[in-house]
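**Student:** Sequence:
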Amino acid sequence: MAERYEGNICPRIQKILEKRKELSGRYLPQPATRKQFQVKSRRHQFTVDLEENVCSYRKWQLTGIPCPHAISAIHYNKEQDEKYVDPCYFVETQRKIYKELINPINGEHQWPESEYKPKPPQVQKRQPGRPKTKRKNRVDEGTASAKDNTKLKRIKVAMNYGRCGVEGHNIRTCKKARVEVRQGTEHQVGSSTNTNANQPKKQSKAKKTQCHATNTNA
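Here the sequence shown is numbered in this note's numbering, starting from 1 and rising by one per residue.
Just so you know, these hints were derived from the structure itself, not from any lab.
Note that the structure is predicted; figures quoted are calculated from it, not measured.
Possibly wrong hints are sitting among the right ones.
Taking CB as the label site, the calculated pair distances span [to be verified]:
#1 K59 to P118: 55 to 63 Å
#2 K134 to E167: 46 to 54 Å
#3 R43 to W111: 53 to 61 Å
#4 K21 to T93: 15 to 23 Å
#5 K59 to T93: 42 to 50 Å
#6 R126 to Q94: 34 to 42 Å
#7 G129 to C88: 50 to 58 Å
#8 G7 to R126: 28 to 36 Å
#9 K59 to G7: 18 to 26 Å
#10 R95 to Q36: 47 to 55 Å
#11 R26 to G162: 55 to 63 Å
#12 G129 to K59: 47 to 55 Å
#13 Q45 to G168: 51 to 59 Å
Just so it is clear, CB atoms sit at the ideal spot from N, CA and C, and this is done for glycine as well.
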């Protein structure tokens, strides 16, 4: 079958390359030099170096097959993309690999037995106690105590109360704040009492009506 195949690249690799050719139409290459390009799309942007066979997307380096970004730059130079495929995928390379004779071997039942006995698998014993469900902390994470190594240390931050400016005080523990609140309450109660005392007493509407009726009858 390999002798009848006429392509230069293996069939499976050729299918991958054709699919990437279709995707290359989504990208716009912008040449910086003859071999270096800036390839853009709607959301992303990559750099391609055709001389070093490198793309910042890194798929070309990992697979040896030009990615869609590289193919768009190759087509911009009006070059053949097959030229930039890794030689290991060429049909000629595969023919050289399998050119030599691969000797046939017998089935496993005819293999000679070894004088060494196979080592039995290690039996996993269940540890006593309840199995742990929490992970172990790293060395730099620290622990809350020597007994409990599953919790991180609590980082305490010193707070300053705005009225007195003393570290560690708040509205409940600060004596100065209590005195100010108490004085403010007493002042408020005293002012409301004086206001009520200065205001003249108003007769209710029912009393006014009763007095008017008494005067009319008299």
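**Student:** Could you tell me whether the CB distance from G129 to C88 stays inside 50 to 58 Å?
**Tutor:** Given about 54 Å between the Cβ atoms, the range holds.
**Student:** Do R95 and Q36 keep their Cβ atoms within the hinted range of 47 to 55 Å?
**Tutor:** violated (35 Å)
**Student:** Do the beta carbons of K134 and E167 sit within 46 to 54 Å of each other?
**Tutor:** About 35 Å separates the Cβ atoms of K134 and E167, which means 46 to 54 Å is violated.
**Student:** CB of R43 to CB of W111, is that within 53 to 61 Å?
**Tutor:** Cβ of R43 to Cβ of W111: about 57 Å, so the range 53 to 61 Å holds.
**Student:** Between R126 and Q94, does the C-beta distance stay in 34 to 42 Å?
**Tutor:** violated (52 Å)
**Student:** Is the gap between the beta carbons of G129 and K59 within 47 to 55 Å?
**Tutor:** holds (49 Å)
**Student:** Could you tell me whether the CB distance from K59 to T93 stays inside 42 to 50 Å?
**Tutor:** violated (21 Å)
**Student:** Holds or violated: the 55 to 63 Å window for the beta-carbon distance between R26 and G162?
**Tutor:** holds (59 Å)
**Student:** Do K59 and G7 keep their Cβ atoms within the hinted range of 18 to 26 Å?
**Tutor:** holds (22 Å)
**Student:** Is it true that the C-beta distance of G7 to R126 lies inside 28 to 36 Å, as the hint says?
**Tutor:** violated (59 Å)
**Student:** K59 and P118, beta-carbon distance inside 55 to 63 Å?
**Tutor:** violated (43 Å)
**Student:** Given the hint of 15 to 23 Å, check if K21 and T93 actually sit that far apart at their C-beta atoms.
**Tutor:** For K21 and T93 the Cβ distance comes to about 22 Å; the hint holds.
In this structure, the hints that do not hold are numbers 1, 2, 5, 6, 8 and 10, in rising order.
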